[in-house]
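Enquirer: Hints in hand, dock the two standalone chains.
Chain by chain, the residues run as shown.
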Amino acid sequence: MSLHESQTGPGFRDGAGAPPQPAEAAVEVSGVDKVFQTRAGDVHALESVDLSVAAGEFVSLIGPSGCGKSTLMRLIADLDEPSVGSVTVFEKSAKQARLDQEYGIAFQSAGLLPWRTVSANVAVPLELHGVASAARSSRVAELLEMVGLADFADRYPDQLSGGMQQRVAIARALAEQPRLLLMDEPFGALDEMTREKMQTELVRISAETGAAVVFVTHSIPEAVFLSDRVVVMSPRPGRIREIVPMRLGADARRAARTEELREERAFFDMVTAVREALHGGSPVASGARGVETR
Amino acid sequence: MLWGVVGILVVVLIWEGYKLLAPADGVVIGGARVLPRSTDLAMPHVWDMLARLAEPVTRSASAQPLWLVITLGALTTLGIAAVGWLVGLVVGIGLALVMQRWRIAEWGLLPWIVLSQTVPLIAFAPVVKSWGSRVEIGSFQWQDWMSVALIASYLAFFPIAVGALKGLQSPDRIHEELMHVYAAGYWSTLVKLRFPAAVPYLLPALRLGAANAVVGAVVAEVSTGLQGGIGRLLIQFAGQASGDPAKAWGPIFGAIVLGLVAAGSVALLGVILKNYRRTEEAA
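So the sequences go chain by chain: A and B. When the first sequence is numbered by this note's numbering, its final residue is 1656 and no position is left out of the sequence of numbers. When the second sequence is numbered by this note's numbering, its final residue is 267 and no position is left out of the sequence of numbers.
If you are wondering where the hints come from, they were derived from the structure by calculation, not from laboratory data. Heads up, none of these hints are tricks.
Straight-line C-alpha distance at most 30 Å; calculated DSSO-like pairs for lysine-lysine:
1) Lys258/B <-> Lys150/B
2) Lys176/B <-> Lys258/B
3) Lys176/B <-> Lys1454/A
4) Lys150/B <-> Lys176/B
5) Lys176/B <-> Lys1457/A
Covered by chain A, per the in silico footprint, the following chain B stretches (three or more residues, Cβ under 8 Å):
6) 153 to 161
7) 172 to 180
Backbone N, C-alpha and C define an ideal beta-carbon position, used for all residues, glycine too.
Only chain B is shown next, with the shape it has when bound in the complex (with noise of 0.2 Å):
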């Protein structure tokens, strides 16, 4: 925590610094600018953008606090995200289940997991928000936030299914084979042994999990052109950069903050359940 504070301190330090020394231009050799211009209009100070946090979003009387705008675009992907993470979570477990029980599964699955996420978000996006405006089941109708999160759920399955296998696969052999001697069938096997044993290989997928599941939801909502949430924010305060630079950088502090919510709270869930994850500390 401490040390997380003196990080925050070093990066403050090292941005007004280099405000402070560099020349307003940049560093340019050779037409290349290998240095960034260190003007207000680039790099606000770092008082400015706090303070810009504290006014409101824009002069209109009625306007609230740029903080409270952003909070709430955050909250809102927040909320897209944990969707998307729990669909992910189901997915990514359900193929690990598959890939545990039968071999030729992993063999049949596993490369096409892994080439799924070689397809590029931003060419995806539209085409899932084009998909899912034709889907209507009686009285459900596809909303926009569903595609945001079905892509955020895309990111996430990934590290959740390749985690969530060497998870199940873990348990020494001794243990599967005491298993077998107490004539434990499937279920009770992987209730007894297996989830537990793969805890210490699910959290950090989890967390992972969580981290690409605030990215997708961010990166989505800015391809899907979804409103309310921080994705929006980002572009549309990006806009209007060249007149409020500091403001630009209030969503951009809101995605960080995002990302460590959603990885803290994973954190949360390993102190829960800690004794499963004793091995982890032995070792």
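The shape of chain A in the complex, shown without the other chains (with noise of 0.2 Å):
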């Protein structure tokens, strides 16, 4: 497992105002509208949504519910089909890249199976991929490691707290090394104190792999503490209406982000402007001007 430093190389992160640009994007979305079709009519879920994330990049979806976030989010992982436009993971079409296994997800609750131990349930992607029994256990001891659960490795889910087993999805997501992390409200469950604990793991963990990730949320300071941007949508139909770079300090790498972070100035800065942009642009309170519209 590579660092995130050496795949991307020094100072990627370091300009956190425009999002680069390599040749290979992980996420292209372009033009993309998403219909459902009920029996009240159909419900316009996005429209013309485009987003594109860099390989290695941290980027949270933001904002009120029914706004198309984890529609979006779905559509990447082709959970759905877009109605219109197109969306592409590493320049492959969604289901190629769903069958390369090209992405690991988490949802916000854990789904883990319950008759397996958490060993068995963090293999089993593995299993299902043909990987040699030797080099499954030799993985899933180094996954466990890395998410701090080596103790827990033969307990069942039932035996583990919310955040344990969210912590067990999070190692089955990373599993086969994906260069793509989907998270779906992964901490939405968790209580205040064990989020937070959450967030600090998943900022080096994602640092450790180096992996793209698009994080969908609700909450704020999670989205400020985690990204490198955030997408804030709006509602009915959802569609982006913002799309804030993180300005965090001098060292804005992933892997500087600790819980000092949380209590400085730019972090509220940035607290606020997300506020901004969820509010309709609107100023909120006073805060950190300068905020790019994109």
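Expert: Structure follows, in structure tokens:
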């Protein structure tokens, strides 16, 4: 597993302004509409959505419920298909990317199989893709070490707390060293303390693996703490209202995001910027200016 | 276990208590007997029934003890019921798989499966026997016990099909989506997800199927007149009840033990599969 720096070069994240555009984008969403046909009529979940996520970039999708942020993530994961437009993942169609296991995914609930131990749960994708038994168990041990659950390998999901279950789910998502991680409110059901701890862990893990992350959330501090860019969405029909790049002090590399950041001035400025974007651009309170509107 | 013993003791006490207190001719109100006679002919003492089990079947010198005859009969029936249960298992799970895979098959098949159980078994058994007697493929010849097993399977497959369908449909959406994300095909999803998730639904269905198979086998033995099983003994000894009332209760006990053994075997299966029942315990 290569460290983030070695993969993208140092200083990649130092210029926290405009996102870098390397040759291969992790995710490219262009001109996407999504209409759900229901008995009550058509529901426009997404309308003319364009979004590009660079390799190794951490992007959060934020917005009120019904803004289509989960739908957008599901389109990238090929769990739904766009009505109009195209979604490519590493320059393949979303479906091909899914078949090639280009991404790992985690949902709001951990979704562990209750009859399997922690290590057997992490091993599910490896088993399904025919990884040999010896390689499998060493990889599982490595992953459990990474999420700090090595001592719980033989426990069953019902013997774990919600936070621990979610960490197992993240280990499972990382099992095949994906270059892209999709997460749909993975910490939504956790208490605030656990949540902050998990966010710090995720920062560390994503820096370690160098994977791009698309992270759906409705918590502004969470989005600010984790992301390189925050995509602010508006509901009915779901649209991208604004993309707010995070400027978190001089050292904005992901590995530099520690607990102290939560108390820094730059952090609060960014929280304010995202809040203003969410409330439709009108100033909510005095705070940072000069937010780039895209 | 302890409570099971207590339960049996309570039944024995009620039986003997009634025998002690009730009038010999029972209680008759307006010509209808609302409580049974309590004579030794209608209600033998519990100890007489048990003692009878140890005595020979008939007065002939070479006769085996009653308990042995009943045990052999019960084992014969158990074997036939087990074959019926296995056939029911295969058919039931097969139907459930088809119905789970194709929603239209569920709509088309499920009503017929429910309807199949409304056909009265007594009417059905002789027909199966006469059809069976015409089956002859090469050196294979249909045996009468096969008709009984077939009827047992006819009763057994129903709860298994319904339970297995519910179980196979039980995985959470998130689990199905994960399998989709992993690009897992139909068979790997079946093996890694659907069958394990179905276990908590399958076990009660299998238990019910086992009990049904026993009932089906006994009834089919009676109505097809198959020799050697406990169904035949029930009829035979009931016919001798006027002279030997305690003897008729032997095969009844045998049938009860048979049902317990059948259901107990499935419970054993549940112990083996206990890791797949964790959600059951949590709920």
